[in-house]
Amino acid sequence: MLTTGHVFFTSGYIQDVKALAELAHTQGAYIFIDDYQGTGQVPINVKEAGIDFLVSGGLKWLMGGPGIAFLYVREGLIERLKPTITGWFAAENQFDFDIHHFEFKHDAGRFELGTPALAPVYAASAGLSIVEEIGPQAIRERTRWLTSDLIKRAHAHGWKLRSAEREEERSAIVMIEMDDPAAVVGRLAEQGIVVDSRPGALRVAPYFYNTLAENQELVEAVAEALSR
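In the numbering used here, the protein residues as written are 1 to 228.
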């Protein structure tokens with residue numbers, strides 16, 4: 001099995017998962033995609049890409065918070081696979097409670113375990129409804145616009161970035177290299193600007209609700225923080 005991510009959190013790079021799926025299948029392997037960093041900001045068609053398995057969740061770009069994950073399994077594979085770890089939600093006759101005559105569901109429900117966390121379901125549903133109302137492609141177009149603007153502003157300051165050169169390979173994750181990103185995160189938080197850090201880089205992730213004016217405010221705040 002080839003297991004990889006759709007979008008890299010270290011650089012925002014978008015992988016060509018269709019090409020990877022073709023490569024895996026020519027070698028007789030399945031492909032499993034982690035799309036946590038992509039779902040909600042980079043559209044993906046699992047059928048066109050030939051993906052066998054994909055996992056994501058509501059924590060990041062879907063704005064649903066923690067506690068809920070999603071699993072896609074290619075339809076032709078579902079009944080060929082029998083989970084080795086399971087629970088009563090995977091049973092065809094869920095309320096029989098008969099482990100001696102256990103039969104898996106015939107859809108992707110066979111990969112469920114026990115009772116899910118119900119409270120996060122409501123948060124995840126609310127986040128999904130917003131993303132669906134705006135539309136994944138519209139979100140992608142806006143974040144590309146915001147990200148390109150942010151990168152231009154960063155380059156104007158001479159900052160080094162970790163990102164793909166080609167716009168179509170860039171997600172809405174912009175990594176600005178610096179010596180002490182955690183300190184900059186703290187200084188920006190004092191001004192009400194929320195960003196994050198990873199080793200050696202400040203991570204900025206503009207989304208559909210952000211603006212060009214906020215890009216400018218952010219860059220000015222980063223420049224000030226770095227000058228201290």
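These aren't lab readings, by the way, just hints derived from the structure by calculation. Cβ coordinates follow ideal geometry from the N, Cα and C atoms, glycine included. Watch out, some of these pointers could steer you wrong.
Unchecked claim - Derived DSSO-like pairs: lysine-lysine, alpha-carbon spacing no greater than 30 Å straight-line:
| # | residue 1 | residue 2 |
| --- | --- | --- |
| 1 | K105 | K82 |
| 2 | K82 | K47 |
| 3 | K160 | K105 |
What the hints assert, rightly or not - Ranges of calculated distance between the beta carbons of each label pair, as one might list FRET restraints:
| # | residue 1 | residue 2 | range |
| --- | --- | --- | --- |
| 4 | S148 | N93 | 50 to 60 Å |
| 5 | W145 | A223 | 36 to 46 Å |
| 6 | G67 | R166 | 47 to 57 Å |
Violations among the numbered hints, reported as their numbers in ascending order:
3, 5, 6
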